[in-house]
Every structure is written in C-alpha cells, then in structure tokens.
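J.: Sequence:
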Amino acid sequence: MKQIIHYPTLDSILMVEEAAQHMNYPKKTELWKALPKKMMYQTFCLIIDYLETSGKLMIDTDGRIVWTWNPTMIKKIRSTGVTLR
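Residue numbers (this note's numbering): 1 to 85.
Any given hint could be a false lead.
[Claimed, not checked] Dumping the calculated DSSO-like pairs for lysine-lysine here, alpha-carbon to alpha-carbon at most 30 Å:
{"id": "1", "residue 1": "K37", "residue 2": "K27"}
{"id": "2", "residue 1": "K38", "residue 2": "K56"}
{"id": "3", "residue 1": "K37", "residue 2": "K56"}
{"id": "4", "residue 1": "K38", "residue 2": "K75"}
{"id": "5", "residue 1": "K56", "residue 2": "K28"}
{"id": "6", "residue 1": "K38", "residue 2": "K27"}
{"id": "7", "residue 1": "K56", "residue 2": "K76"}
{"id": "8", "residue 1": "K75", "residue 2": "K56"}
{"id": "9", "residue 1": "K28", "residue 2": "K38"}
{"id": "10", "residue 1": "K33", "residue 2": "K75"}
No lab work stands behind these hints, which were simulated from the structure alone.
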C-alpha cells in the first residue's frame, strides 16, 4: 500500500473537476498539466481515484478521462420516483 504524503483540499478537488468537465477526453497527464495551479502528481492521482470511485468520471481502455456526472439527468430520474444509491 502506498503511503499518502499529502491529502487534497476541497479547492484542489473542485479545480480538477472543473478542468475534467471542460476538456475533451484528456489523458491523466494531459489533465494534470492543464490545471491552472500546480499540484503534486500523487495528490492529483488521489483526486482522480476519488472522482472515479464516486462515479463522477471514468477512465476508458485508452486511458482517456470521461466526465460522467450529470446533475440535470439525476434530477429528472429522481423526479420519476426512482431511488439512486
């Protein structure tokens, strides 16, 4: 198990989310280099793992990041009475 040296702040997570939403299927390193502020790559990878686990993004077989979170669609689904986990 890897030792985590630095945990991300909420600002860092939001920055990565914003960049991932607006980029066109970037690879991990492309997204990391495109961030407006520098951050350690280990911290960035921890954020990507968190976002993938929470269902906000997916990484395809080519290593491209795909933003999957759609709050508008979630509202529509919930309004029909469907319960989401």
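J.: Where does the structure disagree with the numbered hints, that is, which hint numbers, in rising order?
T.: Numbers 4, 10, in rising order.
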